[in-house]
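First to last, the protein sequences are chains A and B. The opening residue of the first sequence carries number 1 in the numbering used here; numbering runs sequentially from there. The opening residue of the second sequence carries number 1 in the numbering used here; numbering runs sequentially from there.
Among the hints, erroneous ones may be present.
[What the hints assert, rightly or not] With a straight-line Cα cutoff of 30 Å, these simulated BS3-like cross-link-like pairs (lysine-lysine) come out: (1) K126/A to K248/B; (2) K263/A to K248/A; (3) K269/A to K67/A; (4) K248/A to K248/B.
[As the list claims (entries may be wrong)] Heads up, incomplete: computed chain A residues facing chain B, CB under 7 Å, no partners named: (5) R39; (6) K45; (7) I87; (8) L145.
These are computed hints drawn from the structure, not numbers from a lab. A virtual CB, placed ideally from N, CA and C, is assigned to each residue, including glycine.
Protein chains: 2
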Amino acid sequence: MNNKAIGVFDSGLGGLTAVKELMKVLPNENIVYFGDTGRVPYGDKSRQTILKYALQDIEFLKSLNVKMILAACGTVSSIIEESNVNIDIPFTGVVAPTAATAASATRNNKIGIIGTTATIKSGAYKRELLKINSELQIFEQDCPLFVPLVENGFIEKDNKATLIIAEKYLTGLRNKKVDTLILGCTHYPIISEIISRVIGSDVKLIDSGKEAAMFAANALSFSECLTERKTNGSCTFYVSDTVNSFSKSAGLFLQQNVSQKVKMIDIAKYSTNLEIINDCG
Amino acid sequence: MNNKAIGVFDSGLGGLTAVKELMKVLPNENIVYFGDTGRVPYGDKSRQTILKYALQDIEFLKSLNVKMILAACGTVSSIIEESNVNIDIPFTGVVAPTAATAASATRNNKIGIIGTTATIKSGAYKRELLKINSELQIFEQDCPLFVPLVENGFIEKDNKATLIIAEKYLTGLRNKKVDTLILGCTHYPIISEIISRVIGSDVKLIDSGKEAAMFAANALSFSECLTERKTNGSCTFYVSDTVNSFSKSAGLFLQQNVSQKVKMIDIAKYSTNLEIINDCG
Chain A
1 MNNKAIGVFD
11 SGLGGLTAVK
21 ELMKVLPNEN
31 IVYFGDTGRV
41 PYGDKSRQTI
51 LKYALQDIEF
61 LKSLNVKMIL
71 AACGTVSSII
81 EESNVNIDIP
91 FTGVVAPTAA
101 TAASATRNNK
111 IGIIGTTATI
121 KSGAYKRELL
131 KINSELQIFE
141 QDCPLFVPLV
151 ENGFIEKDNK
161 ATLIIAEKYL
171 TGLRNKKVDT
181 LILGCTHYPI
191 ISEIISRVIG
201 SDVKLIDSGK
211 EAAMFAANAL
221 SFSECLTERK
231 TNGSCTFYVS
241 DTVNSFSKSA
251 GLFLQQNVSQ
261 KVKMIDIAKY
271 STNLEIINDC
281 G
Chain B
1 MNNKAIGVFD
11 SGLGGLTAVK
21 ELMKVLPNEN
31 IVYFGDTGRV
41 PYGDKSRQTI
51 LKYALQDIEF
61 LKSLNVKMIL
71 AACGTVSSII
81 EESNVNIDIP
91 FTGVVAPTAA
101 TAASATRNNK
111 IGIIGTTATI
121 KSGAYKRELL
131 KINSELQIFE
141 QDCPLFVPLV
151 ENGFIEKDNK
161 ATLIIAEKYL
171 TGLRNKKVDT
181 LILGCTHYPI
191 ISEIISRVIG
201 SDVKLIDSGK
211 EAAMFAANAL
221 SFSECLTERK
231 TNGSCTFYVS
241 DTVNSFSKSA
251 GLFLQQNVSQ
261 KVKMIDIAKY
271 STNLEIINDC
281 G
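Please put together the full structure from these sequences, using the hints given.
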């Protein structure tokens with residue numbers, strides 16, 4: 001059991017922020033990663049479709065016999081959190097660990113949350129924060145263009161277009177004087193310098209991918225499920241589009257050549273027993 | 001046969017530019033539209049994945065017994081054009097009709113092409129233009145952020161972010177002094193005012209959705225396949241994500257309430273006999 005891999009997934013590349021952190025804190029663990037690059041992005045799709053895709057992603061990782069699954073995607077985590085589905089394997093999303101860190105970081109009890117449209121619509125982060133401390137004041141904003149901007153490389157800290165769009169999204173939160181901002185999508189840390197410049201350098205940014213990775217590491221340690229391996233673990237990547245473009249971006253992000261470790265799969269073949277849920281947009 | 005519907009498809013909303021034109025020039029025809037909203041966008045995915053999705057879309061429309069299929073999507077049209085697949089039903093994409101109009105419109109023989117990354121990579125428009133006139137000078141530029149900008153409503157003619165991004169994409173083409181610009185993606189006419197402002201108001205913009213619709217109308221007329229119906233035809237919409245968001249946007253775009261005419265389907269169930277093609281990115 002303990003030497004099985006940790007399964008991590010995201011709609012695309014964003015979840016690699018969690019993988020990078022896992023590799024740092026648990027270097028001996030094997031990791032299998034799935035990026036649903038053939039259906040990316042998730043954040044502007046409906047709750048019903050996101051849930052269907054997420055359960056297929058989980059089904060695929062379960063078929064690889066992993067010991068734990070980490071949904072390193074703010075959108076998936078939010079939708080699963082509010083859907084109350086039963087995943088019969090140790091599982092964590094990014095919402096609970098991130099909310100816990102944010103609630104403990106704030107000094108003025110004003111927390112901002114940014115994420116995809118689906119994430120913000122779900123209200124998952126807000127519910128989790130208020131469960132921890134009902135006196136928190138929460139301000140939310142969806143930022144639907146941040147993922148395409150990141151995916152298209154508009155990420156330098158003085159990128160004019162990204163700065164203007166960040167101004168449009170973040171001015172309201174800045175005016176509310178939040179002292180803590182949850183980056184509720186695992187893509188957003190990649191433009192944290194721009195976000196910081198707009199929201200104010202005194203606002204603490206909480207990186208959901210990193211928080212989830214730390215939480216997963218602690219959970220495995222606490223339940224005595226860490227690997228007994230004494231040498232470095234391996235990382236294997238699966239994607240639902242072809243491997244080339246992912247290999248290149250992932251290699252750059254993780255600073256290692258991963259091209260021999262990426263495989264393409266047909267995710268639509270993984271069925272779920274999900275019953276049709278009422279369409280809520 | 002003649003009273004069967006015309007099938008139109010796109011990755012999402014863009015193809016409605018062709019539907020709007022068809023409704024204008026052939027008001028008595030029935031139209032069935034499929035928007036692959038559960039897997040949108042196509043333009044930054046690989047050739048192999050786009051082709052698989054396109055053939056599933058075609059398979060679905062064939063199951064509705066249409067008399068003709070119009071791929072109202074620059075990305076799909078480009079990939080199908082270069083893939084030489086055999087579609088055993090009258091079919092047109094946007095590439096050939098658009099190239100013909102552009103070649104006839106230019107005065108200085110300098111034509112620009114903009115489209116998604118997959119469209120530009122395929123070289124389909126360029127090949128088609130040079131087939132018509134080998135003396136044309138062709139300049140190409142992919143504009144991967146235009147689709148998300150349009151889908152997220154960054155479309156007012158003085159939108160700062162879209163203007164800056166358009167400057168980045170179009171300055172090279174402006175410097176080449178093209179007098180004709182192919183809008184090779186059916187989303188782009190929605191920001192034609194911004195494009196025109198950046199490229200210069202004297203540059204003629206060619207709308208690929210409109211050109212394809214005109215071509216389809218002429219082809220049906222020429223082959224005596226127009227409907228004999230004397231009253232207005234109907235339009236039915238199918239999508240692969242839930243219907244709400246599509247209904248709203250399509251209603252606004254077509255200026256009619258379509259909410260009772262939109263149905264959700266599971267597109268992944270439509271299989272194709274496509275053999276695996278070499279991964280070219």
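Comparing the hints with the structure gives:
1. K126/A to K248/B: 27 Å, holds
2. K263/A to K248/A: Answer holds: K263/A to K248/A is near 13 Å, not above 30 Å.
3. K269/A to K67/A: Distance of about 22 Å is within 30 Å: holds.
4. K248/A to K248/B: 38 Å, violated
5. R39: OK, holds: R39/A within 7 Å of chain B, min 5 Å.
6. K45: 5 Å, holds
7. I87: 22 Å, violated
8. L145: 6 Å, holds
Figure legend: structure checked against the earlier numbered hints; hints not met, in rising order: 4, 7.
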